[in-house]
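A.B. asks: Single-letter residue listing:
Protein chains: 4
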Amino acid sequence: MKTGVWLIGARGNVAAVSIVGAKAVASGITETTGMVTAREPLSDLALPEVDDLVFAGHDIRSQSIVETAEAASASGGVPPQSTIEAVRSDVEAVDSRIKTGTAINCGQVVGDIAEGNAAVNQTVPDLVSAIRDDYESFVAEHDLDRLVVLNVASTEPPLENTDAYATADELEAAIENDDRALPASVLYAYAAVSEGHPYINFTPSTGSDLGGVREVARRNDVPHMGQDAKTGETLVKSALAPMFAGRNLRVLSWEGHNILGNTDGLVLDDEANKAGKVKSKDGLLEEILGYETQSRVRIDYTPSLGDRKTAWDHIHFKGFLGTEMKLQFTWEGSDSALAAPLVLDLVRLVAHADANGESGVQPQLASFFKSPMAYETHDLSQQFEQLREYAHTYLPET
Amino acid sequence: MKTGVWLIGARGNVAAVSIVGAKAVASGITETTGMVTAREPLSDLALPEVDDLVFAGHDIRSQSIVETAEAASASGGVPPQSTIEAVRSDVEAVDSRIKTGTAINCGQVVGDIAEGNAAVNQTVPDLVSAIRDDYESFVAEHDLDRLVVLNVASTEPPLENTDAYATADELEAAIENDDRALPASVLYAYAAVSEGHPYINFTPSTGSDLGGVREVARRNDVPHMGQDAKTGETLVKSALAPMFAGRNLRVLSWEGHNILGNTDGLVLDDEANKAGKVKSKDGLLEEILGYETQSRVRIDYTPSLGDRKTAWDHIHFKGFLGTEMKLQFTWEGSDSALAAPLVLDLVRLVAHADANGESGVQPQLASFFKSPMAYETHDLSQQFEQLREYAHTYLPET
Amino acid sequence: MKTGVWLIGARGNVAAVSIVGAKAVASGITETTGMVTAREPLSDLALPEVDDLVFAGHDIRSQSIVETAEAASASGGVPPQSTIEAVRSDVEAVDSRIKTGTAINCGQVVGDIAEGNAAVNQTVPDLVSAIRDDYESFVAEHDLDRLVVLNVASTEPPLENTDAYATADELEAAIENDDRALPASVLYAYAAVSEGHPYINFTPSTGSDLGGVREVARRNDVPHMGQDAKTGETLVKSALAPMFAGRNLRVLSWEGHNILGNTDGLVLDDEANKAGKVKSKDGLLEEILGYETQSRVRIDYTPSLGDRKTAWDHIHFKGFLGTEMKLQFTWEGSDSALAAPLVLDLVRLVAHADANGESGVQPQLASFFKSPMAYETHDLSQQFEQLREYAHTYLPET
Amino acid sequence: MKTGVWLIGARGNVAAVSIVGAKAVASGITETTGMVTAREPLSDLALPEVDDLVFAGHDIRSQSIVETAEAASASGGVPPQSTIEAVRSDVEAVDSRIKTGTAINCGQVVGDIAEGNAAVNQTVPDLVSAIRDDYESFVAEHDLDRLVVLNVASTEPPLENTDAYATADELEAAIENDDRALPASVLYAYAAVSEGHPYINFTPSTGSDLGGVREVARRNDVPHMGQDAKTGETLVKSALAPMFAGRNLRVLSWEGHNILGNTDGLVLDDEANKAGKVKSKDGLLEEILGYETQSRVRIDYTPSLGDRKTAWDHIHFKGFLGTEMKLQFTWEGSDSALAAPLVLDLVRLVAHADANGESGVQPQLASFFKSPMAYETHDLSQQFEQLREYAHTYLPET
Ligand SMILES: NC(=O)c1ccc[n+]([C@@H]2O[C@H](COP(=O)([O-])OP(=O)(O)OC[C@H]3O[C@@H](n4cnc5c(N)ncnc54)[C@H](O)[C@@H]3O)[C@@H](O)[C@H]2O)c1
Ligand SMILES: NC(=O)c1ccc[n+]([C@@H]2O[C@H](COP(=O)([O-])OP(=O)(O)OC[C@H]3O[C@@H](n4cnc5c(N)ncnc54)[C@H](O)[C@@H]3O)[C@@H](O)[C@H]2O)c1
Ligand SMILES: NC(=O)c1ccc[n+]([C@@H]2O[C@H](COP(=O)([O-])OP(=O)(O)OC[C@H]3O[C@@H](n4cnc5c(N)ncnc54)[C@H](O)[C@@H]3O)[C@@H](O)[C@H]2O)c1
Ligand SMILES: NC(=O)c1ccc[n+]([C@@H]2O[C@H](COP(=O)([O-])OP(=O)(O)OC[C@H]3O[C@@H](n4cnc5c(N)ncnc54)[C@H](O)[C@@H]3O)[C@@H](O)[C@H]2O)c1
Ligand code: NA
Ligand code: NA
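Residue numbers (my numbering), protein chains in the order written: chain V, 12 to 409; chain C, 12 to 409; chain L, 12 to 409; chain E, 12 to 409.
A portion of the hints provided could be inaccurate.
To be verified - Cross-link-like lysine-lysine pairs, in silico, DSS-like; alpha carbons within 30 Å at most: (1) C/Lys285 x C/Lys337; (2) E/Lys329 x L/Lys329; (3) L/Lys329 x E/Lys110; (4) E/Lys13 x C/Lys337; (5) V/Lys337 x E/Lys337; (6) C/Lys337 x L/Lys13; (7) V/Lys329 x C/Lys337; (8) E/Lys13 x L/Lys337; (9) C/Lys13 x V/Lys337; (10) E/Lys285 x E/Lys110; (11) L/Lys285 x V/Lys285; (12) V/Lys337 x L/Lys13; (13) C/Lys329 x V/Lys329; (14) L/Lys337 x E/Lys110; (15) L/Lys13 x C/Lys329; (16) E/Lys110 x E/Lys13; (17) V/Lys337 x C/Lys110; (18) L/Lys285 x L/Lys337; (19) E/Lys337 x C/Lys285; (20) L/Lys13 x L/Lys110; (21) V/Lys285 x L/Lys337; (22) V/Lys337 x L/Lys337; (23) E/Lys329 x V/Lys329; (24) V/Lys285 x C/Lys329; (25) E/Lys337 x V/Lys329; (26) L/Lys285 x E/Lys13.
Keep in mind that the hints were calculated from the coordinates and are not lab data.
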């Protein structure tokens with residue numbers, strides 16, 4: 012059983028660390044710490060083995076995956092240089108399978124990274140059909156049993172007029188008519204689900220979160236999910252906010268300040284591209300608390316940090332007898348080390364869903380996302396519970 | 012419907028702020044922020060009104076409740092001076108109902124606070140019968156429909172040989188034979204449940220967590236619960252630790268440092284009395300994570316902080332590809348402001364349980380305690396869920 | 012010996028707390044903690060007594076000083092309500108001496124605060140002569156021995172073309188010709204020094220930091236100093252940065268994030284007004300370190316904090332063998348409580364300088380300012396040393 | 012000009028990183044960041060070149076320097092593995108010159124590390140003469156122009172009765188009479204200064220801080236200095252405390268909590284050995300502030316951190332109008348990376364002092380120590396100033 016993994020943004024940090032990590036896990040030189048699917052009860056499911064994943068993808072820049080991994084290693088220690096060495100040839104093989112994608116409507120800063128490589132001038136129908144061809148050639152060439160498409164490309168500026176693509180018909184007409192407003196992430200997502208490939212959106216870009224794409228996915232019985240993997244500050248937020256809610260402590264303000272130094276930081280330093288990110292990091296608070304509160308998320312680019320991200324959150328709250336109190340935290344994480352195992356988890360879990368006939372958005376994957384496209388709650392513990400319940404549905408009773 | 016609330020340690024900080032707070036809530040001059048029972052779905056239950064609570068209790072020192080409240084106000088701003096003024100005469104009425112308790116086996120530092128007031132030289136059977144009389148006179152005098160006994164006295168040194176009191180028979184024989192090892196908290200708890208009064212242990216002292224007391228409670232159909240209210244650092248721990256577990260991130264060490272300046276801090280500065288506290292703050296980590304990890308809880312006495320407690324926690328963890336990361340938090344809370352609303356919640360909820368024929372330890376109250384005597388999980392969100400489920404059992408479907 | 016203190020922005024937070032504080036010190040109900048002049052060796056100088064200070068000033072809004080103090084007390088506990096009560100009538104007397112100032116070129120947000128009260132439409136020469144009259148009437152009416160003018164008004168947007176006012180002649184011609192670019196702070200400062208009154212600029216606004224004003228001050232033998240009192244994050248910066256320099260540790264990045272909730276915060280939330288502030292907070296790092304480093308200062312408005320400001324600084328540095336390390340700090344201060352004693356110190360010290368024939372910018376006051384107009388170093392300890400040396404010049408040898 | 016460097020504790024972390032670092036600096040593969048002597052004006056002095064330092068020393072354990080460096084590299088990343096590789100043979104040459112020292116009165120935990128290797132049963136006069144022989148053979152064999160002895164051995168428990176060794180005569184009589192109370196550090200220090208070798212005590216152990224040793228040093232015109240290098244939390248303390256003093260802000264409490272995971276941490280986990288350390292970390296606050304304040308320094312052993320030390324300090328202070336405020340900091344440093352460059356600095360600077368006829372304790376080196384044996388102030392900036400002044404004495408005026 013070979014499962015193909017098509018990464019949009021395959022030469023970025025998250026992709027590179029995911030690929031290096033998958034190869035390292037497969038060859039037994041690293042542990043599975045950080046992978047949710049390595050833990051019970053998920054580890055008891057019939058998931059594709061990490062060993063059986065075949066990687067490929069789109070990117071728009073020429074820096075190779077190994078180069079990205081080495082730069083990440085130098086700037087933040089992840090992956091360790093020795094691990095890169097051990098899997099170098101495997102990773103180079105993946106690199107040879109990367110196709111040039113499109114940077115349409117990805118913003119100026121992404122355009123700069125592309126250095127003119129990316130297809131932006133072709134018509135939209137041509138772009139979509141090129142993407143489709145890339146997917147299908149890969150499946151054919153490697154004789155894959157299934158292909159999962161996963162978006163880890165740079166965050167795009169938000170798509171404004173989403174209502175115009177609320178149905179499959181509207182979306183397909185827009186593509187047909189070369190609608191120049193459609194962003195790359197939508198084209199990749201549409202191409203995936205229309206071909207029957209499960210799709211995961213690891214980023215805050217639109218991707219499959221558009222009426223038209225959702226309808227095509229449902230029509231084709233394809234599972235998909237997004238948006239924006241929950242790896243750092245927001246993860247902590249979704250663990251902590253339920254404490255305030257459950258104890259009826261009133262959050263007066265929640266200030267978050269993120270500093271990070273990798274390419275993702277550089278892209279998010281651009282106000283347009285940042286817009287989507289901040290929105291997605293900020294939404295869950297109100298839902299968990301049940302009221303609106305003063306909240307702000309700053310993301311600043313601090314090159315010296317490399318792939319290491321630090322977040323400081325300052326939570327000012329009120330308790331009994333009007334007493335004001337505070338919780339502050341700092342989170343010092345390696346973005347890619349946090350993201351990469353989730354990439355592998357999501358690939359394995361959406362493949363499992365697909366194999367078992369689940370289709371449309373996948374609420375059991377809500378814990379993985381800052382803005383889950385379908386969910387019951389933003390409360391992290393309860394989201395984990397939902398995932399465990401999904402697993403138990405597929406497990407023999409014990 | 013009048014519900015009596017008998018507080019062991021009625022002149023302490025937590026008690027004083029609970030009483031002042033209850034009076035302030037009853038008279039509408041403060042909000043119910045911080046009270047779990049003021050939130051849906053609990054607020055829909057038929058709970059005793061805060062207005063209908065009648066307070067009394069035991070203590071061993073002579074400082075009055077108002078004096079304690081004023082000292083707390085001066086040193087930490089809680090309760091506000093204006094609130095104390097507004098309810099002064101109500102609180103003085105409570106003070107006139109305080110009886111002198113016993114400080115037997117409460118350690119040197121508590122003995123010092125007692126200044127010779129507390130009964131320690133009487134025989135154990137005499138102590139128990141005096142306590143019983145105090146409870147029953149209060150019920151009679153105020154024509155109470157129900158009496159809840161709640162322990163907010165200073166933390167005792169742990170009782171060593173708990174096996175010797177594993178059954179009702181053993182415990183009752185020990186009392187009868189004037190066993191000088193029994194600590195005050197057990198005598199208060201036994202007196203309560205043997206008289207049919209629901210009992211809550213807000214502290215890490217033994218209280219009802221003894222085979223013999225549990226058996227008497229079951230025999231008499233009395234609900235009870237403990238130990239050690241979860242108000243600060245441990246509360247945060249139980250919200251955060253599930254995040255590490257759920258994401259398969261390996262906690263390498265979890266260091267906690269608490270500094271606090273109130274009488275509780277002074278008592279906990281004594282190594283013997285601290286022993287029970289640290290144990291109770293430390294236990295839940297292993298259960299949530301599923302493995303043992305290096306963990307430490309320091310409690311230091313810093314008088315300048317008054318009733319304000321600051322905790323610093325440093326969590327060192329490992330993720331994918333061996334990557335080491337960190338989460339640190341500081342918690343700056345007012346101990347009493349956090350504790351007092353929970354005192355009111357627990358009184359109301361255990362009264363509800365009693366009214367509805369629930370008996371023995373009450374797992375639905377697990378979220379309130381660092382070391383719940385009965386529980387399914389230490390995961391805070393799931394404990395909240397359990398409490399909501401309890402509520403829904405008693406609520407008409409909607 | 013009566014010393015007049017004319018505060019520009021006399022109804023703001025800093026002014027209100029300074030006035031309330033001075034009255035409280037004078038009447039012995041509060042200590043002098045926080046006042047540099049209350050410490051040896053400065054306390055040995057022949058400084059005007061706090062008791063002998065007579066306050067008045069300009070403002071543009073109608074909220075009274077007591078109202079400002081009460082709002083500050085409610086939102087941040089400073090000054091304590093009881094202190095306000097004790098000095099209320101004294102403070103009301105000051106309020107009756109407040110004159111309406113001008114808000115010319117103070118930006119939109121200050122204009123909003125003025126609610127049309129402030130003079131903006133008069134000609135510049137008229138504005139200057141009105142200000143002069145206000146100063147002189149106050150001196151005459153109260154028979155003052157000396158008048159110190161101190162600017163604690165809202166931060167203005169920076170004045171762009173400072174070169175146009177590099178000499179006294181240019182500046183005076185501009186005033187004469189009704190140059191509409193001159194901001195309020197320059198008019199107040201010019202009016203002060205041209206009348207022979209020592210002047211202090213507590214804010215980042217231009218004030219006396221303009222060639223023309225400096226020349227007039229020198230010509231008239233008037234001491235003056237600024238800019239922007241060093242009270243919080245920058246104070247800590249100037250204490251810490253020399254450590255990195257002295258140990259040859261390389262600062263890779265220094266990120267600062269300030270959140271604050273008072274009117275100052277609201278004004279600084281405006282990008283134009285913020286510009287001056289951020290510049291002044293940021294400059295000293297390079298001077299102390301001796302090289303340029305990545306540094307950023309964020310100021311965000313968080314109303315829930317009231318007058319309490321929290322700053323988080325994250326310092327990433329490199330040591331021996333390329334080792335990367337970190338220092339992080341959080342500073343939780345009351346802005347006005349930090350600023351007010353310095354207002355009193357500066358008044359007393361500039362009066363002393365004036366009495367002793369010192370004129371022009373006053374380098375011995377450098378420790379008080381983020382951007383001292385004359386200084387040898389930004390190193391806080393060395394700035395303190397300079398102030399001690401100044402004192403020793405005037406003290407008999409011991 | 013060859014300068015010998017004799018390290019007591021030559022196989023420990025600090026020693027190993029110093030030796031590796033010196034070799035790396037000498038061969039140009041690393042920068043001199045972190046070395047105070049690499050900065051102006053010190054870099055203008057005629058100091059021994061790092062290239063010309065010849066290392067040797069005593070230790071009591073068998074683990075080689077390279078093994079220590081590799082363990083440090085694995086647990087904390089310092090020194091980088093590639094650096095160790097580059098200088099491996101040089102370092103192995105140093106290792107071959109290590110002699111077995113004595114562990115007399117170094118406490119149980121050090122005894123355990125020694126595994127029976129260290130001389131403890133010989134008489135004191137024999138121990139001293141063996142140490143002397145080790146020094147002199149090294150000088151002779153390598154034809155050294157000067158030998159500097161520097162103590163980087165584990166911290167000993169404090170020597171109790173220091174008065175008994177207040178003079179050279181008393182000390183020498185005690186040695187002669189085989190006084191079994193004398194600790195190893197004193198023997199090493201006495202042997203050094205009595206042979207005319209400059210001596211530096213990098214640790215809190217007694218070393219040369221004993222009347223008798225001081226007298227011998229003066230008699231022999233030998234410069235020496237100590238104690239306890241100021242590298243982490245205390246360094247920051249000495250930079251920050253002057254800010255509170257200078258601004259007349261009252262420190263109400265200063266709590267420090269250090270967690271560290273290397274062998275030093277293990278040794279300090281022993282209460283006896285910790286005693287000296289805590290004392291030395293704690294002393295400077297009172298001197299800088301001018302009054303006693305509640306202060307505490309916790310040191311806890313957290314193996315997961317390896318050579319990385321984290322300190323959290325919580326400073327509670329009071330300002331104007333009784334306002335309570337806070338400064339908190341966390342310091343995340345690599346102990347050895349901070350210490351090693353100072354070892355090289357101190358060797359170079361004490362050699363310079365010796366070459367220039369300076370003798371006895373060296374106050375210009377105060378900035379390097381937590382408890383300088385001679386000093387004017389604990390204020391870090393002023394200590395730096397003193398060092399600069401020393402340099403300027405030896406530099407041509409410019
Ligand atoms: N913890 C995390 O790292 C994390 C968490 C949540 C979401 N994300 C999101 O994941 C994405 C990737 O993060 P990263 O750190 O790898 O960023 P990155 O900048 O290192 O990588 C992005 C890659 O996408 C490529 N790319 C950009 N636009 C493209 C397009 N239109 N088509 C194909 N390739 C394109 C870039 O060339 C680059 O190689 C970002 O959107 C980020 O916001 C990351
Ligand atoms: N957030 C919190 O404040 C919190 C949280 C969990 C547990 N607790 C526990 O609650 C208890 C009370 O805390 P506090 O801050 O009010 O302490 P406190 O010291 O202010 O009050 C304790 C009171 O108990 C009295 N007392 C002591 N021994 C007694 C005895 N044997 N019989 C009767 N009275 C006795 C004392 O005289 C004092 O008035 C402590 O055990 C504490 O550990 C408090
Ligand atoms: N720690 C500190 O608080 C601190 C430190 C350094 C500098 N400052 C500066 O001090 C100033 C005052 O701070 P604050 O907290 O009192 O602010 P605030 O907003 O409370 O007070 C400013 C006052 O100035 C008045 N004002 C504005 N423009 C004026 C004008 N042109 N003429 C006369 N009055 C005018 C306003 O009406 C208001 O009453 C600000 O510029 C601030 O940046 C404050
Ligand atoms: N930043 C810092 O690392 C720092 C700062 C100030 C002081 N210090 C002090 O420096 C010393 C060394 O620190 P470290 O981290 O290298 O510790 P370490 O435990 O790694 O090394 C100490 C070495 O000393 C050896 N030793 C112990 N007793 C000895 C004896 N009597 N004779 C000869 N050798 C002996 C041990 O075998 C070991 O090799 C400690 O006392 C520490 O407190 C370190
Ligand atoms: Na399907
Ligand atoms: Na003058």
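A.B. asks: Check the structure against each numbered hint from earlier and tell me which ones fail, lowest number first.
C.D. replies: 2, 3, 4, 6, 8, 9, 12, 13, 14, 15, 17, 26
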